[in-house]
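Student: The numbering of the sequence shown is full-length UniProt numbering, which starts it at 1 and goes up by one.
Quick caveat, the hints were computed from the structure, so don't treat them as lab data.
It is possible that part of the hints are untrue.
Unchecked claim - Label pairs and their computed distance ranges (CB to CB):
#1 Gly-9 with Ala-142: 43 to 49 Å
#2 Asp-166 with Gly-190: 27 to 33 Å
#3 Thr-44 with Gly-73: 23 to 29 Å
Glycine included, every Cβ here is placed at the ideal spot set by N, Cα and C.
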Amino acid sequence: MQLVRYTAGGAPEWGVRRDDDVVPLSGLREDVTVQNLNSPGFLTVVEDAADAAEDQSVPVEDVKLLAPVPRPGKIVCVGLNYHDHAEEQDEEVPERPLLFGKAGTSVTNPGDPIVHPAAIDEVDYEVELGVVIGQTAKNVDAEDAFDYVAGYTAINDVSGRDAQFDDGQFFRGKSYDTFAPMGPTFVPEGDVDPHDLDVACRVNGETKQESNTSEFIFGVDEVVEYISGITTLRPGDVISTGTPGGVGIFRDPPELLEPGDSVDVEIEGIGTLTNPVVAERDE
Numbered sequence: 001m002q003l004v005r006y007t008a009g010g011a012p013e014w015g016v017r018r019d020d021d022v023v024p025l026s027g028l029r030e031d032v033t034v035q036n037l038n039s040p041g042f043l044t045v046v047e048d049a050a051d052a053a054e055d056q057s058v059p060v061e062d063v064k065l066l067a068p069v070p071r072p073g074k075i076v077c078v079g080l081n082y083h084d085h086a087e088e089q090d091e092e093v094p095e096r097p098l099l100f101g102k103a104g105t106s107v108t109n110p111g112d113p114i115v116h117p118a119a120i121d122e123v124d125y126e127v128e129l130g131v132v133i134g135q136t137a138k139n140v141d142a143e144d145a146f147d148y149v150a151g152y153t154a155i156n157d158v159s160g161r162d163a164q165f166d167d168g169q170f171f172r173g174k175s176y177d178t179f180a181p182m183g184p185t186f187v188p189e190g191d192v193d194p195h196d197l198d199v200a201c202r203v204n205g206e207t208k209q210e211s212n213t214s215e216f217i218f219g220v221d222e223v224v225e226y227i228s229g230i231t232t233l234r235p236g237d238v239i240s241t242g243t244p245g246g247v248g249i250f251r252d253p254p255e256l257l258e259p260g261d262s263v264d265v266e267i268e269g270i271g272t273l274t275n276p277v278v279a280e281r282d283e
C-alpha cells in the first residue's frame with residue numbers, strides 16, 4: 001500500500017495511491033499519524049476505508065503531493081552506507097554506522113524547487129531510502145527494530161559539498177532549506193523489503209546513480225539498534241540510510257546541480273520523487 005499526503009486546494013489530507021489515482025481517507029474516524037501507521041490494525045482500517053471510497057478517487061495529477069513527514073523531530077543520516085559508495089571514495093568499510101544530522105527544516109515537497117544557495121558552488125544529489133519511526137525507541141535490539149518502524153519513503157539528501165568539505169563536518173552543507181525533498185509516497189513497514197529495493201537518481205533524465213539496498217553495509221535493523229542506543233528515536237523522526245555510488249562530486253569531472261536542472265530519485269515500491277533546481281532569489 002502506498003499512502004500519500006496531499007492537498008486538493010484545501011487543508012492537507014491523507015489518501016491511498018492506487019496506480020494513477022488517489023483515494024481520499026477523509027472518512028476515517030481517526031487521524032492518520034505515524035503512530036497509527038505503525039499499527040497493523042489501523043492499516044487494515046485504512047485499506048477498508050480506501051475500498052469504500054474508491055468511487056471518490058481523483059487523478060494524482062489533479063492534487064499537490066506533500067512530504068509525508070513535513071516536520072520531523074530529527075533527521076539522522078547514515079554516511080558511507082553502500083559498499084559501492086565506499087569504493088568510489090577509496091574508503092575502508094566502516095566498522096560502525098557513521099552518523100550526521102540534517103535539519104528538519106530542510107524538508108520540501110515533491111515537485112517543489114531545490115533552491116541552489118548563492119553562496120554554494122557545489123550542490124549535489126543523493127538518492128536515499130528514508131525510514132520513518134513510528135514509536136519511541138530506546139536501546140532497541142536489532143531483532144526487534146522493525147516493530148518501531150512505521151514505514152519508508154524516498155529522500156534526496158541534497159548536499160552543499162563546498163560547505164561540507166570547508167567545515168570539516170556535514171551539518172551546514174546538508175541543512176539548507178529545501179535540501180531534503182521527501183516523498184512521493186509513504187509505504188508501511190512490511191509492504192516492501194528495505195534490504196532489496198532498486199534505487200536510482202537521474203538528472204535531466206540521465207541516470208547518475210543506480211543500485212540496490214542489498215548493497216547496504218548496515219541494514220535498517222542494525223541502524224535502528226545503533227542510533228537508539230545513542231539517542232531516543234521518537235515518532236516522526238526520520239533516518240536517511242545513505243546513498244550508493246555515482247554522486248556528482250566524485251565523478252570525473254564532477255557533475256553537480258545547476259539552476260534549471262531536474263532531479264528524479266526513484267525507489268522501487270515507493271515511486272519517483274522529482275524536483276527542479278532553481279537559483280536563490282536576491283532579497
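Student: Now tell me if each hint is right for this structure.
Tutor: Going through the hints against the structure:
no., hint, result
1, Gly-9 with Ala-142: 43 to 49 Å, "holds, 44 Å"
2, Asp-166 with Gly-190: 27 to 33 Å, "violated, 42 Å"
3, Thr-44 with Gly-73: 23 to 29 Å, "holds, 27 Å"
Consistency note: the structure conflicts with earlier hint 2 alone.
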